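*Asks:* Residue numbers (our numbering), protein chains in the order written: chain A, 422 to 590; chain B, 422 to 590.
Treat the hints as calculated values from the structure; they're not laboratory data. From a predicted model like this one, the values you see are computed outputs, not experimental measurements. Incorrect hints may have been included.
Just so you know, same-sequence chains aren't split out, so a pair can sit in one copy or run between any two.
[What the hints assert, rightly or not] Quick list of in silico lysine to any residue cross-link-like pairs, SDA-like style, CA-CA up to 20 Å:
1. K508 to S442
2. K579 to Q541
3. K511 to V440
4. K508 to G437
5. K547 to A427
Protein chains: 2
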Amino acid sequence: MSDLAARLLAASELRGDFVLSSGKRSNVYFDKFRFLTDPPLLRELASAVAGLLPVGTTHLAAPEGAATLLVAAVALESRLPVAVVRKDPKPYGTMSQVEGHAPPGAIVALIEDVSTTGHQVERAAKVLEAEGCEIGIILLAIDRGGGKALRDAGYWVKSVVEIEAQTEE
Amino acid sequence: MSDLAARLLAASELRGDFVLSSGKRSNVYFDKFRFLTDPPLLRELASAVAGLLPVGTTHLAAPEGAATLLVAAVALESRLPVAVVRKDPKPYGTMSQVEGHAPPGAIVALIEDVSTTGHQVERAAKVLEAEGCEIGIILLAIDRGGGKALRDAGYWVKSVVEIEAQTEE
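Working from the sequences, and respecting the hints, build out all of it.
*Replies:* This is the structure in structure tokens:
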């Protein structure tokens, strides 16, 4: 395991009595917000993600939620404009499911903090494709299993660290 | 109006036929995501917000949503750890309404991108206070009327730009 991976885990593994999203109980919980809200770790992770951006990328994107912290940091590093993909379309105003910058023809690097199943990332990718964007690459800060599912769905995927998903989100 | 304010407005005012959150129609819509997802504008705004941080601030916080883009940028500028305040407590895992770093005794600068009524910011402030944090100051990137309501509620408030709310969010 890389030094960065070890520090991300050390910052994020909480001990206690937790009910997981699946309904199961666990005495370990992986709290991704812990490293996304720590400026030195956020900066280091964003720099590593930016280092994976392919030549020709025109835009960044991320699903709404925790990943917006990461995509903001990667944007400041890369100077690429950003789109945020909502789970559901906004019910007023622009009525859009995509906020920010995602013009048709954009070559997008879709960024996610942690992916266990790939489902949320794949949904966001489909929304961007429906807007006329091309998903150039999917970049996972931490691949806890989602990378394989996304590759099986036909996407080019890279990750900064891979961690076996022994603990659920 | 300052030069920064003029550029934020120019980046964010959309023309078209919009239904606002109030249900009213408008041919102008103020889309705050437009400047929060533009790296040069985000960096300049974050730098201006960081310049308003009082001595003694130990943590930053923001309501979940668009403001997480801004608070990430301010955190990278100031190196202060961040809390993100959910609208509702997370239904599993930590079960918490506050993600990230908000220990009891923290002196928090609560940051919001745009505030028209102050309601969302005041709710987030109360959640942080219930966790034992002290709201040292509330920093609004753009005060479109919320600042007065928050001052009336007893908070110290500063803003980078003030814009009269002629158009609704």
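*Asks:* Please name the hints from earlier in the document that this structure breaks, with their numbers sorted from lowest to highest.
*Replies:* The structure breaks hints 4, 5; every other hint is satisfied.
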